[in-house]
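Student: Chain by chain, the residues:
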Amino acid sequence: MANERVILDKKKIEIIVNRLCHQLIENHQDFSNTVLISLLPRGKHIGKIICKKLEKIINKDIVYGELDISFYRDDLRNQLEPIIPHKMNMNLSVDNKNVVIIDDVLYTGRSVRSAIDALMPFGRPNSIELLVFVDRRLKRHLPIQPDYTGKIIDSIDSEKVVVNVEKNNEIKNVLILKSKNE
Amino acid sequence: MNKLSVNHLLGIKYLNRNDIQLIFNTADNFKKIINQPIKKVPSLRDITIANLFFENSTRTKLSFEIAEKRLSADVINFSSGASSVKKGETLLDTVNNILAMKVDMVVMRHPNPGASVFLSQNINANIINAGDGTHEHPTQALLDSYSIREKYGDVESKKVVIVGDILHSRVALSNIYCLKMLGAQVAVCGPLTLMPKYLSELGVKYFSNIKEALNWCDIANVLRIQLERQDVNLFPSLREYSNIYGIDLDLLNSLSNDITIMHPGPINRGVELSSDVADSDHSLILDQVENGVAIRMAVLYLLSNKK
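Residue numbers (the numbering used here), protein chains in the order written: chain A, 135 to 316; chain B, 15 to 321.
Next up, chain A with everything else stripped away, as it sits in the complex (with noise of 0.2 Å):
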């Protein structure tokens, strides 16, 4: 059994969803040389919602994939059994382009790393930029920081981290799942 806690609700995660975009607007501007990517499974339902609403904001069509990064992980060997591939939605290019890649929490940084590679074969992009919903400081392994933070939580290891999905992709809420042994 866990215990749980919210740390943000519906009303904050609208208001960090409008603070994220308008972050990436005062970047990007139009968008014109800017694709987003969320990565697969859980980064797309953030990665939707952004575009959604930037889309809404500046009016006009942004450039959106979601990337799978099974094939790039270094932890294929420590699992017992295979990482099963998600269906990759990637009909663009990133050649020359800025990219903003989206996650919903940022941990260890590997998962960024494995991203960083599953993305060159999709051209050399100009830029990349990280935005992730929810950023655990205290345990990177890796030097990797986010330029767009949703909100920094502090948490030890045997704590969990989740996001919940509505069935209409919209994001229900965060929360800290605690092991009850703790």
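In short, the hints are calculated from the structure, not lab data. Do not take every clue at face value.
What the hints assert, rightly or not - List time: in silico EDC-like cross-link candidates among lysine to aspartate or glutamate, alpha-carbon distance up to 16 Å: (1) B/Lys-320 with A/Glu-200; (2) A/Lys-294 with A/Glu-138; (3) B/Lys-83 with B/Glu-69; (4) A/Lys-187 with A/Asp-164; (5) B/Lys-46 with A/Glu-200; (6) B/Lys-46 with B/Glu-164; (7) B/Lys-53 with A/Asp-251; (8) A/Lys-144 with A/Glu-293; (9) B/Lys-17 with A/Asp-164; (10) B/Lys-194 with B/Asp-168; (11) B/Lys-54 with A/Asp-251; (12) B/Lys-320 with A/Asp-143; (13) A/Lys-273 with A/Asp-251; (14) B/Lys-53 with B/Glu-304; (15) A/Lys-312 with A/Asp-291; (16) B/Lys-165 with B/Asp-301; (17) A/Lys-221 with B/Asp-42; (18) A/Lys-190 with A/Asp-164; (19) B/Lys-173 with B/Asp-232; (20) A/Lys-187 with A/Glu-215; (21) A/Lys-306 with A/Asp-143.
For clarity, every value in this text was computed on a predicted model and none was experimentally measured.
Start from chain A and add chain B according to the hints.
Tutor: Quick look at chain B alone, frame taken from chain A:
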């Protein structure tokens, strides 16, 4: 549906439907990767694979090798022709010697049916059967069904006829198992002398007339006559076989519906297929070759963690 039920790919009959769907879904990802400008992923970079070919092969060996290289595995190749097998070494000794060099996976083609099953019981590595005598050729059957799925959306309820030398063909047997597991209707067509005795147990229809068979089916998978596996003459001549069972464009144009032609290769042009059919829009042959790489990447990837 997130792991294979087996540790080795010895034959289709050891798999279940979920395994096949998992291989197909994983192959979808690899197919995208092999069509990217950079066709390589680092997934198997710490895995060593031995390709042991005790029998001649061109496309299967190349296809496995390119699949292994695109997964970044280290590859060693072995052909029995230039090896100590000629000096009398047993299969187990040969393989154990190769495994002592710390090999993780073995891809093997062997003229004896059951050779890969025997190997899987005696050595500690993941075995992939690349054809064992007249028994099974599982990756070929998987890529054939995958090509059908790609063209028609699904294999279920499709009518597939396998034409030619069913008796000596491992491709036919693996295809029958695979297609039936995926819900296709399967028939065979060819001279009775080239049909196995256990045909009725496989649950497939038999056509002796090629036109009837082609009129019935959606897809015809045409096989090569394997003269090298025949000790006695099972039909009078290749010319007669070609006259009765060969498929040419006139025959295809006389059918009531449009059908797809598949062939596992190598094609004997002018015997089982005429050149105008092999090179026509009906043919799925080159798609099969491309899909072969994706399927083999998926199989290698999914088995690489199995212990």
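Student: Take the hints in turn and mark each one as holding or not.
Tutor: Going through the hints against the structure:
no., hint, in the structure
1, B/Lys-320 with A/Glu-200, "violated (28 Å)"
2, A/Lys-294 with A/Glu-138, "holds (9 Å)"
3, B/Lys-83 with B/Glu-69, "violated (22 Å)"
4, A/Lys-187 with A/Asp-164, "holds (13 Å)"
5, B/Lys-46 with A/Glu-200, "holds (13 Å)"
6, B/Lys-46 with B/Glu-164, "holds (13 Å)"
7, B/Lys-53 with A/Asp-251, "holds (13 Å)"
8, A/Lys-144 with A/Glu-293, "violated (21 Å)"
9, B/Lys-17 with A/Asp-164, "violated (44 Å)"
10, B/Lys-194 with B/Asp-168, "holds (13 Å)"
11, B/Lys-54 with A/Asp-251, "holds (11 Å)"
12, B/Lys-320 with A/Asp-143, "violated (42 Å)"
13, A/Lys-273 with A/Asp-251, "violated (21 Å)"
14, B/Lys-53 with B/Glu-304, "holds (13 Å)"
15, A/Lys-312 with A/Asp-291, "holds (10 Å)"
16, B/Lys-165 with B/Asp-301, "holds (10 Å)"
17, A/Lys-221 with B/Asp-42, "holds (8 Å)"
18, A/Lys-190 with A/Asp-164, "holds (12 Å)"
19, B/Lys-173 with B/Asp-232, "holds (5 Å)"
20, A/Lys-187 with A/Glu-215, "violated (38 Å)"
21, A/Lys-306 with A/Asp-143, "holds (7 Å)"
In the structure shown, a violation is registered for the earlier hints numbered 1, 3, 8, 9, 12, 13 and 20, in ascending order.
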